[in-house]
Amino acid sequence: MTYHFDFAALLPYWREFARGIWLTVQLSAVSTVLGFVLGTLCAIGRADGSRGVKWLVAIYVEAIRNTPLLVQVFIIYFGIATLGVHVSANMAAVIALVVNVGAYTCEIVRAGIESVHKSQIEAADCLGLSRFQTYWHVVLRPAIERVYPAITSQYVLLMLASSITSQISAEELTAVANRIQSDTFRAFETYIVTGVLYLLLSFVVRVCLWLFGLAVFVRRRKLGTAI
Amino acid sequence: MSAVVSLSNVHKQFGALKVLDGVSFDVGRGEVAAIIGQSGSGKSTVLRCINALETIQQGTIDVCGHALHDAGLNRRALHLDVGIVFQSYNLFPHLTVEQNIMLAPVSVKSVPKKEARELAREVLARVGMEAKAENYPEQLSGGQQQRVAIARSLAMSPKLMLFDEVTSALDPQLTGEVLRVMEDLARGGMTMILVTHEMAFARKVASKIIYMHQGKVWETGSGEMLDQPKTPELRNFVGGVSSDQASASV
Ligand SMILES: Nc1ncnc2c1ncn2[C@@H]1O[C@H](COP(=O)(O)OP(=O)(O)OP(=O)(O)O)[C@@H](O)[C@H]1O
Ligand SMILES: [Mg+2]
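Chain order of the listed sequences is V and E.
Mind the numbering: the first sequence is residues 1419 to 1645 in the numbering used here, read in order.
Mind the numbering: the second sequence is residues 2 to 251 in the numbering used here, read in order.
FYI, nobody ran anything at the bench for these hints, they're computed from the structure.
Please note that a few of the clues may not be correct.
As the list claims (entries may be wrong) - Calculated Cβ distances over 12 Å to all of chain V for the following chain E residues:
1) 135
2) 137
3) 174
What the hints assert, rightly or not - For the chain E half of the interface with chain V, some residues (derived, Cβ under 8 Å), not all of them:
4) 56
5) 85
6) 87
7) 89
8) 111
9) 191
Unchecked claim - Label-pair restraints from in silico Cβ distances:
10) V:1549 / E:228: 39 to 49 Å
11) V:1466 / E:15: 38 to 48 Å
12) E:113 / V:1587: 49 to 59 Å
13) E:111 / V:1466: 46 to 56 Å
14) V:1471 / E:10: 44 to 54 Å
15) V:1471 / E:185: 45 to 55 Å
16) V:1489 / E:18: 45 to 55 Å
17) E:113 / V:1489: 27 to 37 Å
18) V:1626 / E:59: 15 to 25 Å
Note that this is a predicted model, so its numbers are computed, not measured.
Ideal Cβ positions, reconstructed from N, Cα and C, are used throughout, including at glycine.
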């Protein structure tokens, strides 16, 4: 059996691919920033909050980590609609991704926070730093620095997982691919191209996070220790 | 005389374990007090109580006009008046020497960055570390790290400095350089309380020696107290520390 590849059939669709990539990039970037903030706040709550806060965060984290992302996306998309609030598919996708990645970030950052020795916090306290200042200057930075490789992997995964939001017709790369293959009947070629594009995107995300790490974790850069 | 630190009948327990059992002593302005005693006698706990790192069950502690036993204690104000240096330095590993020192003045006292940097250079010069301002803690020897830790405290101009076995982790040569810094401080009139195993240093620098045993102040006095101990426990302790059989006999 021979199959004749015809990638040329996809050429007329390059604009659509580009639009899909652009939305995937936007979805991922926004979810990365917001998910990181949410996850870090939750990690602080879980490591150092009151009992009630600890429980709430624990429930959230376990609920998210033990259900499929697709189901979460549907719950949020249809759930918000049921509440009578109109949000676009893209907005629902962002919310779902943020909620999802926030839970994973929480666990990663919490491990980092717990690796910061109690004596560091005591030293900051004795210098007169407030709890907030201590967290900001003494706990979070070394904590995040330590778990940064795990965070990087998680956010590459997030970018890839954003393809699931095609299911609520957020017009990101996978949704675009779905449409193109049904137009062209060139499913194999379409998804090969799409796969390669995701591969490139992953690479770009990694490089961006690596550069970000270099900029933020100055000590690592100066001492030449890998991030 | 106005005491900078005054403990009266302080009791402290960790669960069922009685660690401080009616501790009382005063330290006056400009005075250097050395706390000595066996491991587990409660020396570190006393220092931690003086800096409100531990709460006490009974008694009163007054430090630089702050009543620590009072529920309305302003810990931040207390920590502005009291500096503490730990055995394990506790420098912030992700910050340079200079940033370690600037952090508290900038964020607690809102000192402008430029002034804080000058301040950092100044205190680093006092401990002989100005050449290492740009280095990270992990690039320094233990003795150097400890001197930076002292400088970091000094930058907040405390009225009282606490030192908890700050040389125990150091070899003799590095110990010397840290002790010299502390001696300079003492000579400059800083009120200090130090927990130490360096008997010769305590004798030389401290005007008051507090020997603790089983959570109590067992004996207090000046350096001569070490030559003529009144209690068998102190005699034992002094004998044990000065002769090397000590470690073998424990
Ligand atoms: N956080 C704590 N929880 C329970 N027990 C503690 C705690 N901190 C200290 N202790 C106990 O209190 C006693 C006194 O400890 P402390 O650290 O004050 O002794 P020390 O005189 O400083 O000893 P060393 O010379 O070994 O440093 C010890 O028996 C110790 O095990
Ligand atoms: Mg101790």
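Hints, one by one, checked against the model:
no.	hint	in the structure
1	135	9 Å, violated
2	137	5 Å, violated
3	174	25 Å, holds
4	56	14 Å, violated
5	85	5 Å, holds
6	87	7 Å, holds
7	89	6 Å, holds
8	111	12 Å, violated
9	191	16 Å, violated
10	V:1549 / E:228: 39 to 49 Å	48 Å, holds
11	V:1466 / E:15: 38 to 48 Å	22 Å, violated
12	E:113 / V:1587: 49 to 59 Å	54 Å, holds
13	E:111 / V:1466: 46 to 56 Å	25 Å, violated
14	V:1471 / E:10: 44 to 54 Å	38 Å, violated
15	V:1471 / E:185: 45 to 55 Å	47 Å, holds
16	V:1489 / E:18: 45 to 55 Å	51 Å, holds
17	E:113 / V:1489: 27 to 37 Å	53 Å, violated
18	V:1626 / E:59: 15 to 25 Å	58 Å, violated
Comparing the model with each earlier hint shows violations of hints 1, 2, 4, 8, 9, 11, 13, 14, 17 and 18; every other hint is respected.
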